[in-house]
Amino acid sequence: MDALTSESIWMVVGINIIVALGLYVTVSTGQFSLGHAAFMGIGAYVSSAMTVKMGVPLIGAMVIAALFTGLFGALFGLPALRTKGIYLTILTLGLGELVRVFFSSFEYTGGVAGFGGMSGTTLPLVFGVAVFCIVFVYWLMRSLFGQAFLAVGQDELVAETLGINATAIKVIAFSLGAAISALGGALYAHFMFFIEPTHFSYSHSVLILLFVIFGGIETMWGAVIGAVILTFLPEVVRGLAEWRLVLYGAVMVVLMAVRAEGLISKRTLTRPIIPFAKKTDPIGRNWPI
Amino acid sequence: MDQQIINGILLGSTYSLIAIGYSLVFGLLKLINLAQGEIFMVGGFLGLMFIKVFHVPFFLAVLLAMAGAGLMGLLLELICFRPVQRHYFLAPALSTLGFGIVVRESIVNLLGSEPQVFPSGVNLPDLHFGDLMISSVQMVVLGLSILLLVALIFLIQKTELGYSIRALSENTVAARLLGVRVNRTTMITFFISAALAGAAGMLIGLRIEKISPFIGATLGMKGLAIMIIGGLGNIKGAMLGGLLVGLIEVLTSAYLGAVYTDAVPWGLLFLVLVFWPEGIFSSKNSADRV
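As you go down the protein sequences, you meet chains A and B in turn. Count along the first sequence from 1, then add 3; that gives the number in the working numbering. Count along the second sequence from 1, then add 20; that gives the number in the working numbering.
Taking lysine to aspartate or glutamate pairs in the DMTMM-like style, the calculated list, with each CA pair at most 25 Å apart, reads: (1) B/256 - B/190; (2) A/87 - B/190; (3) B/50 - B/190; (4) B/50 - A/159.
The hints are simulated quantities; they were obtained by calculation from the structure and are not laboratory data. The structure presented is a predicted model; accordingly, all values stated were derived computationally and were not measured.
For reference, chain A alone in the conformation it holds in the complex (with noise of 0.2 Å):
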């Protein structure tokens, strides 16, 4: 078990938890997003370029990497969430190639050669980001706001009729989720020491929404708790690391078969878990939460 006691594979394991939670505060709104890593990307892209080419602290980088993607999430949002469900999801894919696109083009940072120079990440960093971005979503999610995102998230048209305004806490979801996983991203990137804009293109954004599906889009901890397991998995079983992505993808697809609500449920918090047992309740509705 030398993978348990390594440092970095719990480097990975925070960073991993962040981003998931990022992507997770957007898909509690009910809007999928396949382009994720690119919120990542921008992230860790501004934050290095303000590392290494600026000499900002770390910290100091982060939190404008953060502002600055949740800014650029919101802006993409406005446009964007004018569409919903499969065709939302599929602009949020096109966000990820455009974004790879812009970088690879962007001389600044290197472009295709990708971008070094960065460092400074340390476990307890990575860890009290995680824990911070941990009770942060815990403590939206039971604030007013949380709650009218899981409204949206069940029907933008009742929500409506209760008042909330659907379009703005759609693009706010958004916007949190993009800064969140920026917070990631920057951490991912001083922990790589290197990036190139290929790092950030639509294979991790599978990746990170692999982690909140199978973990359980539900609840936050689904999110934590899918990419704590993906992160072991493949370290902890030997001779699986070469294999680790088809690993996940049998996962993936034997999941949506069988539980597609992912390991971890609402109700999987509240009660014990009943193998087999119905997942509906009286009138036939599947509540998320």
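Based on the hints, put chain B in the right spot on chain A.
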């Protein structure tokens, strides 16, 4: 400039084939098949295998690659669509995404992540029209694409199977009542959609002379954008959208720089969704935007 337009149409015809594969499945099931890109890639690799290992002539290899890809489409339908719970709208899409990852990463692990050289199996002279030049490879690619597109239009418009597919995509319940065999038609549609992707993979391999395991995630995903640009679930829209994107990509590459070509379909997708949310070539029957 004229040469660029010809190149654009040639590229676009392959895009059309990929986009139609998405469109067929979406039209029928209102679901997105995110493994289409990987089927496209597998088609290319199958063709490569038949040519290199079994020394099959090129045109037979295309047929075999199409059949192989089609079988994969059937497998996909059995694994990712039939058993999947529908109460999360994204569940089938995510399942196909997982399927795609398994396929791609298995190929990466077994054959390596480097692109494989694709032998040219075509020995025909190049065509010249004054200053314009169409290479023999481009001619074969264009000819096969047109042949497949015409065959598909004939199949959809004129045959009983085509009537079934169109009836199903309009209203599943009514079609079932009128005697359409839903499961069988769905499976055949998956086969056709995957076979077209397989042919496209083969043709792309022939044109760019190499095939990489990651081509599905880049080129294949463009097909998704093209499908929406053309109008969701609209086959003619997918054809025209493919040509349009191919044309703009080639012109972008010629006048702005090759780095920006990957941005073309996605940038266009943004514009289309903001200004023409139903797609450029939308039909009356196109689906809701939910």
